Structure formats: structure tokens, C-alpha cells
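Chemist: Using the sequences provided together with the hints, build the complete structure.
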Amino acid sequence: MSTFWREAPTRGASLCSTCTRAHERRRLAPVPRADRRLRARPARLRPLRQAAHLDYSIAGYSRFLRAYVDHLGLDHFSIVAHDWGSVGLALAQAMPERIERLVAINVVPFLPGYRWHRVARIWRTPILGELFMGYSFRWAMKRASGEWLAAPGPAPDEMVDAVWDHFDHGTQRAILKLYRSAPPATLEAAGEGLGRIEAPRAHPLGRGRPVPPDGLRSSARGPARRARAGRGDRGARHWPWLDKPELVDEVAGFLLGERPVSRHLVL
Numbered sequence: 001m002s003t004f005w006r007e008a009p010t011r012g013a014s015l016c017s018t019c020t021r022a023h024e025r026r027r028l029a030p031v032p033r034a035d036r037r038l039r040a041r042p043a044r045l046r047p048l049r050q051a052a053h054l055d056y057s058i059a060g061y062s063r064f065l066r067a068y069v070d071h072l073g074l075d076h077f078s079i080v081a082h083d084w085g086s087v088g089l090a091l092a093q094a095m096p097e098r099i100e101r102l103v104a105i106n107v108v109p110f111l112p113g114y115r116w117h118r119v120a121r122i123w124r125t126p127i128l129g130e131l132f133m134g135y136s137f138r139w140a141m142k143r144a145s146g147e148w149l150a151a152p153g154p155a156p157d158e159m160v161d162a163v164w165d166h167f168d169h170g171t172q173r174a175i176l177k178l179y180r181s182a183p184p185a186t187l188e189a190a191g192e193g194l195g196r197i198e199a200p201r202a203h204p205l206g207r208g209r210p211v212p213p214d215g216l217r218s219s220a221r222g223p224a225r226r227a228r229a230g231r232g233d234r235g236a237r238h239w240p241w242l243d244k245p246e247l248v249d250e251v252a253g254f255l256l257g258e259r260p261v262s263r264h265l266v267l
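Letter 137 of the sequence shown, counting from 1, is numbered 137 in my numbering, and no numbers are missing.
Wrong hints could be hidden among the right ones.
With beta-carbon atoms standing in for the labels, derived distance ranges [as the list claims (entries may be wrong)]:
(1) Ala-94 <-> Arg-118: 30 to 36 angstroms
(2) Gly-253 <-> Tyr-135: 15 to 21 angstroms
(3) Ile-127 <-> Gly-253: 30 to 36 angstroms
(4) Gly-60 <-> Ala-151: 34 to 40 angstroms
(5) Asp-75 <-> Trp-116: 32 to 38 angstroms
Quick caveat, the hints were computed from the structure, so don't treat them as lab data.
Because the structure is a prediction, the values reported are computed rather than measured.
Note that the Cβ used here is the ideal one computed from N, Cα and C, for glycine as well.
Modeler: This is how it looks when you write it as C-alpha cells:
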């Protein structure tokens, strides 16, 4: 399986970005501009139209990401995870000594007792999930996009089009495989090694996220974390940096604020 990443030259540290959606990768572009010491090197987390060529599970993504960071020669790096970018937490547990800083933004929680949201429960149900995918239409996505951002009304057409353009059959199959690979017991087991991660961490949260900032701490079997910063912002939702652009500068400042950081991996 082939993948790709984009790279922009800057001074100093690097920012590596692997995203689940192409529009997220583009909209993360302000991050390197927030601080010229960060270098953007985004890569696709999920290849389009290739659902049969990857193990779409937490363990499968962890292996993929390990091969990715090794290929890039990232001996030490930071992780900024969003949504299913939480698979980066599995990578961090496998190599905690290589993690310098960790930012978790509205991630899928690797915690006990989590219950999937209503759409995920449909996706996880055989036959019903396939029917739901098969009868998905742009107008329905446009209507549902009212939950994506804090601003009232549906999301802008540009954003809806960017999501819809990549919602092909391969991506749909990948979504079903990934969600069905992750029952609550699997999510809980995936977080058992979080206590081994000693890197400073931050947890920016959008409105309606079910996991409090201390969730990762309470699930860990190990020492307490350092430098945690968490919040549930009522003015932000799933992509909080779109509702609160200042979050970009805050994350960049966190990544560079306490000590020099040589590499950054954004999931």
C-alpha cells in the first residue's frame, strides 16, 4: 500500500500531520503558519478506495504509523491526535520513550464505559450500516452538518463538498471496518498502557464531548501526567480549531513552550 505526505520547509522543528480526511489536512494548514519553527509534513491516515489493503483496526493503524514514523526517521516526536487519530495513542504506548509531547483533541476515548454515538451504532450494525452508507446523499450530509460547527445552521458548502468528495465506497467500507473492530472492550484494552506515556499533554475539547480532560489520567495504570491542560469549550464542536482559530496558536505554543521539540506528528 502506498501513501503520501506533504512537506513545507521552515526553520527548526517539524510538524507531521496524518489526517482521516483530506479537508482536515487542508484546514490544519494554519498550524505551521502559527509558528515558523514548525514544519508541516501531513500524510493520509486512510487511503481512499483501498479498504481491502489495510487492517482497519487500532492495532492495524498502530503498525502502519510505526512504519510511517520509522520511514521518516522520527526518533523523537510529538503527537497531536484528533477523532480517530487516537490510534496515535496506541503508537505512543508502544514507544513512550520517543514521545515528547501529546495533544488529544476530541479523540475517540480509549477508556472503560464509553458508548458509541448514534451514527456509530448504526455503522457497527451489520446490514444496517451498509444500508445507511448506501443511502447516503449529499443533501442529507448538508443537513446533518449543522452539528459539525458551533455556528448555527449547516456547514459551508465548501466544507460539505470536501467531505462528500472523499466519501467514496472505499472510504465507506473502511469506516465500517474500523468502527466494527472497536467494541467498548477493545477501546478500554487499547488504553491500558497510557500510564507509560510520561510526555506532557493537553486535551482541548469541543462542546458535547463525553470524555473529561482527566479521562486519560483516570484510565491509566501508571504515574500521573505532567502539564495537562483540558477544557470543554462551549463555543467549539468536533473541529474546535475551526470554531476557535486561536486554538492553533495555543497548540503550537504548547508544543514549543517548555523545551525544544524536534518533531511533531499530528494525527
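Chemist: Can you give the numbers of the hints that this structure goes against, from lowest to highest?
Modeler: Hints 2 and 3 not satisfied by this model.
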